[in-house]
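K.L.:
All chains should be built: construct the whole structure from the sequences, respecting the hints.
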Amino acid sequence: MSLPSSLRRLLAALAFGLALQAAPAAEAPIPDLGPVAAQPLASALPAGWSQRGVFMEILVRAYQDSNGDGVGDLNGLTNRLDYLQSLGITGLWLMPIFESEDRDHGYAVKNYRAIEPDYGTLADFDRLLAEAHRRGIAVIIDYVMNHAAAAHPLFESAYDSRKSPYVDWFTWSEDKPRGWNTFSGEPWREGNQRWYYAVFDAGMPDFNLRNPKVVDFHLDNLRFWLNRGVDGFRFDAVGVLFENSAAAWENQPENHVLLKRVQDLLASYGEKYLVCESPSDPAPFAAPDSCGSAFAFGLQKHILSSAKLGRLRDDVLYNLRKMPVPRMATFLANHDHFAGARLARQFDGDEKGYRVAAATLLTLPGLPFLYYGEEIGLGQAPTVFNADQSLRGPMSWSGETNAGFTSAAKPFRANVSNWQTHNVAAQDKDPASLLNWYRGLIALRNAEPALSQGRFTALSERDQPVFAFTREHEGSRLLVLINYSRQPAQHVLPASFKASDWAVAFPLGTASPFVAAKAGQAGTAPARVQLGAQQVLVLKAR
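Per our numbering, the very first residue in the sequence shown carries number 1; after that it's consecutive.
A hint or two may mislead.
[Said to hold, decoys possible] Below, computed lysine-lysine pairings styled on DSS-like, alpha-carbon distance capped at 27 Å:
#, residue 1, residue 2
1, K352, K410
2, K260, K322
3, K213, K352
4, K540, K518
Simulated from the structure, these hints should not be mistaken for lab results.
P.N.:
Have a look at this one:
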């Protein structure tokens, strides 16, 4: 005998409810987990773009707010691409744009395939990428392979249960290991009756990169972004990817093997750029069998000290001899306080010294990176919780309220100290401004392959006031003369240098620095050049 349909529906509903009570609740899927097939896109950039040009490092949170919430975002950055193009920038490095637990610097990642909500959406990122490419500007993004956020679902699962399938994705110990001392001190953190390894802090547990599943997870995430058309990555903290013991926790051989895999993945997508951060020992990571390029940590301090002391430090020459600088990324300052304060703070009103340092960076070998606002002398913001935050203040666009960064009543962080005088609007139309000094140097570098790709030959020795060197490429030859001294200075060049062979290329309209030879000495005496205090000249062979 059949039951009435209404009774059948009631019994079915009761049975379903009982089943729900009996069955354990299914865990939510982990959003950035799962395979990603390679889908390379044709590059919109000219061939060889990764070997030349100038990059700008940008903290999206601090660059431009487009929606009035006091926080910089992707659309705000897109709205400023014309400015970056006018500056001559050909590449952007975006500090982490992934959804993060910290909602500040971004290095505590919660989801590797989602945009930080404060910054916008994936559609906003796609638009930024398309608009940057339309202007010939590459975009590389910061990637954090070493660690995740403690709030990442992978770590939360591993933390909550020893039976989690993700326990081996991180490094655990039942007892606290002894004898460890890293740059952050003790790296072992207590959690749920165990100890886990987190070299930076307890909120950023290190991945176990000996687990092939973890490596596959990261390679899939890289493919996710490469499939969207990103032009490469800056890899964070590559010196601490693997740990072998308390005495061997940094710069281990396994780091290079893994990074070569990453480099090979990028190469399968065409011309992409990978640059790595290893402050303690950068040169090995620039090798072809490692990352392929790395930031030239150390060189920046010696350039700055030369400009401050008024003489060429031997350390500059040593670094240029010993490090593979042509393969490396060069810089003067960045987002980390250990690398140095904002240049405006370091030079403390000595703008000529500031300009001399900028000229050195932009005429030496390597791929130069500027830190946002460096080109206008952006100052420091008040420290909130740590010194790094003082380097990450809002960009100063104008002398209007909140420096033109936001229409909100209050920006996410207080304006920098000198925003009313050091902003884009105040310097843009002034041909003598710091901004236009940077524009001129960048334009010269973009126009002269000898500066971006040429051979370097030093014509100076340690402790001389003038740093003289040549850059040569495919028959083109440039002579760079930089007087670090606050006094006029002469410099002796080889006798083969003749005034008639050289024309001033930067700054245009400047008189030739060659000192006329005395009667009867032409062709026999060494050539001499005379430079004014803290003067920079670039000459080109006729």
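K.L.:
The structure should be examined with respect to each hint, and the outcome stated for every one.
P.N.:
Now the hints, each set against the structure:
no. : hint        : in the structure
1   : K352 / K410 : 34 Å, violated
2   : K260 / K322 : 22 Å, holds
3   : K213 / K352 : 53 Å, violated
4   : K540 / K518 : 24 Å, holds
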